[in-house]
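According to this note's numbering, the sequence shown is numbered sequentially starting from 200.
Worth double-checking, as some hints may not be accurate.
To be verified - Simulated DEER-style distance windows between Cβ atoms:
(1) Ala-220 to Gln-362: 52 to 62 Å
(2) Pro-329 to Gln-361: 28 to 38 Å
(3) His-300 to Arg-363: 36 to 46 Å
(4) Arg-447 to Asp-398: 24 to 34 Å
Read the hints as simulated data drawn from the structure, not as lab findings. Given the structure is predicted, the values throughout are model-derived calculations rather than measurements. A virtual CB, placed ideally from N, CA and C, is assigned to each residue, including glycine.
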Amino acid sequence: MMIELQTEHFAGIEALHAFPAGKHAQPLPCVVFYHGFTSSKLVYSYFAVALAQAGFRVVMPDAPDHGARFQGDERLRLRRFWQILQGNLEEFSALRDALAHHELIDAGRLAVGGASMGAMTALGIMARHPEVRCVASLMGSGYFTSLARTLFPPLGVTTPEQQREFDAILAPLAQWEVSSQLARLADRPLLLWHGEEDDVVPAAESFRLQQALQDAGLDGQLTWQWEAGVRHRITPQALSATTDFFRRYL
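All chains, please: the whole structure from these sequences, using the hints.
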């Protein structure tokens with residue numbers, strides 16, 4: 200299938216916009232897909248290509264301080280992982296509204312996906328946005344506040360004052376966490392994909408969510424795929440699993 204790729208702004212955010220050729224203004228099933236930390240929409244554009252070839256409209260925004268929004272300070276950005284994730288989560292509503300305003304979504308068929316930090320974004324959105332039809336999480340985690348102790352901790356905590364600052368950075372993320380909102384994740388199709396040897400976001404983060412849903416009897420709409428020997432990277436299988444998932448459920 201012929202597709203078109205454009206750079207556009209939705210709700211003031213630069214995004215890669217992909218769709219089947221000639222269907223720019225036509226309502227289509229729509230996937231908002233989020234890239235990983237220190238990456239960009241362009242680096243992850245193969246998802247836009249694959250999903251547009253499958254007939255979807257794909258909108259891939261740059262996260263705060265990434266891609267076209269990067270402010271140039273690599274070291275500062277590395278210390279702001281959790282604030283950037285929070286920014287992604289908070290910006291989703293305006294992005295969704297912009298797509299709806301332009302009548303780009305076919306009959307409410309809106310899905311969210313992402314890889315790594317983008318997968319964390321997708322899980323957080325699923326927990327708070329019941330209007331999203333289905334979600335794909337690749338190499339992600341929905342357990343933000345516990346993971347923040349080991350993954351990109353915003354501060355080395357050695358004093359009570361630093362602990363207070365650490366807690367203040369993480370506090371807003373608590374409402375987006377999956378731990379207290381499993382039922383919210385269970386009422387729609389969810390894909391979890393993770394490489395078993397992931398050396399950045401441990402595969403145990405996805406296993407934990409799978410286990411929690413199973414233990415609660417809430418795994419009826421859960422699809423999962425673990426890939427042996429794979430570290431923190433997207434494989435061809437991950438890409439096809441994502442495309443197949445949205446074909447089936449969106």
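Hints that the structure is at odds with (numbers, increasing): none
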